[in-house]
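Protein chains: 4
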Amino acid sequence: MKIPLALALLVSVPPLASGQPHAPAVLRYKASIDTVKYLFGPATPVARVKPGQIIEANTLDAFGNVLRTPGDTLSMVTGAGNPLTGPFYVEGAEPGDTLVVKVLDVQLDADQGVGVLGPGFGALTGTTYTPMLQAPLPERIWFYPIDKATNTARFTAKDSAFSVAIPLHPFLGCLGVAPAMGESRSSATPGEWGGNMDSPQVSVGHTVYLPVNVPGALLYFGDGHAAQGDGEIAGTGIEIAMRVRLQVDVRKHRTIAWPRFENDQSLMALGAVRPLDDALRIAFTELIGWIKADYGLSEVDSYELLTKVARIHLNEMVDPNYVVVASIDKQFCRRG
Amino acid sequence: MKIPLALALLVSVPPLASGQPHAPAVLRYKASIDTVKYLFGPATPVARVKPGQIIEANTLDAFGNVLRTPGDTLSMVTGAGNPLTGPFYVEGAEPGDTLVVKVLDVQLDADQGVGVLGPGFGALTGTTYTPMLQAPLPERIWFYPIDKATNTARFTAKDSAFSVAIPLHPFLGCLGVAPAMGESRSSATPGEWGGNMDSPQVSVGHTVYLPVNVPGALLYFGDGHAAQGDGEIAGTGIEIAMRVRLQVDVRKHRTIAWPRFENDQSLMALGAVRPLDDALRIAFTELIGWIKADYGLSEVDSYELLTKVARIHLNEMVDPNYVVVASIDKQFCRRG
Amino acid sequence: MKIPLALALLVSVPPLASGQPHAPAVLRYKASIDTVKYLFGPATPVARVKPGQIIEANTLDAFGNVLRTPGDTLSMVTGAGNPLTGPFYVEGAEPGDTLVVKVLDVQLDADQGVGVLGPGFGALTGTTYTPMLQAPLPERIWFYPIDKATNTARFTAKDSAFSVAIPLHPFLGCLGVAPAMGESRSSATPGEWGGNMDSPQVSVGHTVYLPVNVPGALLYFGDGHAAQGDGEIAGTGIEIAMRVRLQVDVRKHRTIAWPRFENDQSLMALGAVRPLDDALRIAFTELIGWIKADYGLSEVDSYELLTKVARIHLNEMVDPNYVVVASIDKQFCRRG
Amino acid sequence: MKIPLALALLVSVPPLASGQPHAPAVLRYKASIDTVKYLFGPATPVARVKPGQIIEANTLDAFGNVLRTPGDTLSMVTGAGNPLTGPFYVEGAEPGDTLVVKVLDVQLDADQGVGVLGPGFGALTGTTYTPMLQAPLPERIWFYPIDKATNTARFTAKDSAFSVAIPLHPFLGCLGVAPAMGESRSSATPGEWGGNMDSPQVSVGHTVYLPVNVPGALLYFGDGHAAQGDGEIAGTGIEIAMRVRLQVDVRKHRTIAWPRFENDQSLMALGAVRPLDDALRIAFTELIGWIKADYGLSEVDSYELLTKVARIHLNEMVDPNYVVVASIDKQFCRRG
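Chains as they are written, first to last, in numbering that gives the first Met the number 0: chain A, 0 to 335; chain B, 0 to 335; chain C, 0 to 335; chain D, 0 to 335.
Keep in mind the hints are simulated off the structure, nothing from the lab.
Since this is a predicted model, take the numbers as computed values, not measurements.
Accuracy of the hints is not assured; some may be wrong.
No copy is singled out in the list; a pair is fine if it fits within one copy or between any two copies.
[Stated by the list, open to error] For lysine-lysine, the following PhoX-like pairs were computed, each having C-alpha atoms within a straight-line distance of at most 25 Å: (1) Lys29 with Lys251; (2) Lys291 with Lys101; (3) Lys147 with Lys49; (4) Lys29 with Lys157; (5) Lys291 with Lys157; (6) Lys329 with Lys49; (7) Lys147 with Lys329; (8) Lys251 with Lys101.
From just these sequences and the hints, can you work out the full model?
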């Protein structure tokens, strides 16, 4: 899961299903606090891209790049959280198709990240949807300076003399499209449309598959994390601005119900709902469907095989929906 | 997590807190279908061991070694599932202490394992505690021949011509003590007393910590798995008889509420309850308490640090309680 | 909870906070399949109403009035479920205010209702968000002829010679406003904005309070039920078209987070999320806040009092969010 | 649900299935702190009763009758909570039978009750199984003097000048038998064996059905509540000592999986597990099975009928398992 930035730069662009003959055109886009969105849903596109094309864009951090200095507080954040770059209209994408997003590069676009413990947020405190009568934990903010030489971010404790370097694994917490049925959903929420998946899988070397629900799909992204633990239990990763390169493509007439990921090693399917039990059920049902469709095993054989070799990644239990990713090493789908 | 058997044989016995001067005495015990138990709770000990002593014993598989040949069915299993070897009375262990179990060796004791899809069992079907009106999936049994040369078990599909080798990672699905408050609990259930944790962490190289609730602790174990996927979603690992070497010790006056694991790399805390959301909350609260007590970070600093570097292992979602293990690499607790 | 229609006709219009001197003007609106909506969210209003004004309108049933005759199937339903009448723009309603909706009359607008068991829908089968591998229950449709003389609907079993009359309790399954943060949410979903609450409380004699999130609030309603059991476990009430009279008002600068209900006897607060545990937590936290604000008890005294006298109504466990209503008889809030 | 004591005294003893010709013998038993138990499980019976016989016995309150005066604290309670009277060996009861317990009388045996807010207990605070990092709510104790003239208990607020009378509805929070599979379970926990069901249904006029798991069934009871709100959200009812009259009987070769209740009006089935979602699924699946077996409707017709007429009682969400009771008015099972 830890892919050093140095390696990331060497990742070559894989051949595209769209079969374009030459180097794909690159669309460069610069997002700012004035152009970001806070919803996955219908909106005027900021640009149009063709299948096979690469988007180079920046993303603001989850707090709109506002928290910079000790003494800064959440009250300084004017918009909602997770400002999104986009939407990008992908030409030819129609409802019923699958949007393919290859993550070519994810680079930190700031020299420090930030972690925030906010009242009413986190897996181990009362929240909006799990309210408790106890007094909330007070707001706390940690800054994480980035050391490019060692490719780490530094955590420094607030209540004792302790400090440690954390290896970077940069990824986008938010990546998604306009939801089905005309819904618009907050950039705080993950779901069938992707959204705030907080998936370390949205990093270099991975391909993301998303259902297309509206013409053009309407791709949004943001919420970069320099690194994040499983569960994202206190509510944030190392939140930081990013520069990213994403290559989009379309699989015509291939319909999926939930986001999926793939890299050289593994097939990964995502479920996002509360409670975790049901997120797990979705992720595994989707993965079984994938194995059945693409590798020819029956549902019950896939179920049995997964009970012996599956891996689970529990992305987060702090957003309005919780996210589980079920995966299988491709070696176990191939005969051998 | 995958420790080849060949390596397992080379693991040396680490020094004991009990400080015994010479090679520890080894207690050898042979379990049979006539002496196994199906409960974690008060019972007449099969043997007494001293702190520092090593238990060498065998375990029957989850079905009492009954399923052997194609055509065998669950109806042939006469006892309950998960027959347990034990209990072993650990001298000097008193309520309020912590029992320490070092897993020195776990060896397969059969030439094939078995996986069973039973009606009303599994994460993706209705069960006793998540009943559904739909017709249950029919019973299916897969046999997994072991190949010692390649250290794998072979999965063969029932509905298509597909077969694949699965690397072994042998561990005990059940390890536990008599519960608190005088309870006796089925060997199907994990909880504060350990029990049916289905934790790949109960394997060579790991130390297991369990709360002592009754004099002598009363250690039981069984339910060997040759390998298992996360979530154990269809309900079984590769169930197989085992021969194990476990070294027991006692930490006097150190009280823990839930099982914990440790290996050279990581601290791991377990939560076992339904739904997964709460199992996760327990695991992380316990891990925060551990970091606070042994490494001196405040609760809130530990919480923030874990949100950046924690890992989660989701053992199973098929037993009466579900099991989540939260872990931190020790490098992140030490200053550096 | 069972209020006969005969009585419903006698309910007088209570005095309004808006203090209008004379009989309020009545806005009459006729909805059709061409004007209904399937989202709670921003949309062009179908009409504007003033505080104190009464809306007289009809609603289509959950299936667009399409299922009429034995042999009809769900495949005949062209739109999504739960077509909504509206939105109505309430003048003067601004974010931070509370919308007040008095339910003056709810009359059946058809001579039969319908109940549907649809694959992937219901509390006792696998669903979109609790998927199972078992074969789904097949689609079944029951028709419920209405007997105005006895004020009942008749259930007739499909698999045996059994029939029984069910007393009517007509209410609107859907009532809500545009959600916060710019979201648009499907008419299948309940939440902070009301929506598909499936609350028998949206019936004659009750006042509904909803948060105002956008100028004009944007009131929608639909999904009439002639009667419904707790939990709505198979997925539908007795679905039927309605004619309703609703009086709207605005409480300026009174902010609530979740829908509330009130009748002569009780205060009621709603929570809508998955799992039920958290829906219950929300409902009770809201009710405690209400008692504290309006009756002066401390949080902890309210908590203790509710543990002795609260009632819970579990509306449904079949929509994307589950709905719990916590209530207290007003006699227990007043000194005595 | 509110049955005044005065009425309770007039309830006649209904004819017994055991068909005894004369007034049944009454077994009188006096429990004390020295003879109570804290587990549902195998234990030496305190007495043996025949089918049809009446047990007259007392129960201590949930705190062993220790909390008496302002200033008393939970630290004074020496045993675990919920001391149980029993077990009573019911002659002729064998595994696979159903134990029938008719509640003939439940009388308060003290002049005040007590309610306790304990740290780590309650639906709206962190608990043992839903731990939170926030500081716990401090311990608080309310006393509820009983007024026999008005048949009420008085709540007096601690933080303001407020007081209100609460009508009594006396019932036993604990009633159960030895669990299946040899388990022994704490008197804090409800489950298949009954146990700490906190069911207002264990009151005069109700018959309780429990599965028999061991010879003699081994009936225990205790934890009297003078009154209780739905959900028991802060963790206690009005806890009080009781004197009870229970008539036991046995239905040979009738096997049930979970407790059931019946009164003149309704059939009621109970589910006890976490989360509430699954407790509801159990309760309704059991109720459907009951209707199918005794009234001849098919499963799917019962499912549809219940979605139109069922009622749910949510007993509590504070014990280690949560309790939901699903019910149907018998009028809806009979043709008409």
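Now for the hints, and whether the structure bears them out:
1. In this assembly of identical chains, the alpha carbons of Lys29 and Lys251 never lie at most 25 Å apart, being 29 Å within a copy and 41 Å across copies at closest.
2. Taking the shortest alpha-carbon separations for Lys291 and Lys101, only the intra-copy value of 24 Å comes in at or below 25 Å, while the best inter-copy value is 41 Å.
3. With identical chains, the CA atoms of Lys147 and Lys49 are never at most 25 Å apart, being 34 Å at best within one copy and 53 Å at best between copies.
4. In the homo-oligomer, the alpha carbons of Lys29 and Lys157 never lie at most 25 Å apart, since the shortest distance is 35 Å inside one protomer and 54 Å across protomers.
5. Taking the shortest alpha-carbon separations for Lys291 and Lys157, only the inter-copy value of 13 Å comes in at or below 25 Å, while the best intra-copy value is 50 Å.
6. For a Cα distance limit of 25 Å, the shortest separation of Lys329 from Lys49 qualifies neither inside one copy, at 30 Å, nor across copies, at 47 Å.
7. Taking the shortest alpha-carbon separations for Lys147 and Lys329, only the inter-copy value of 23 Å comes in at or below 25 Å, while the best intra-copy value is 34 Å.
8. Proximity of Lys251 to Lys101 under the C-alpha cut-off of 25 Å is restricted to the intra-copy arrangement: shortest distance 16 Å within a copy versus 50 Å between copies.
The earlier numbered hints that this structure contradicts are 1, 3, 4 and 6.
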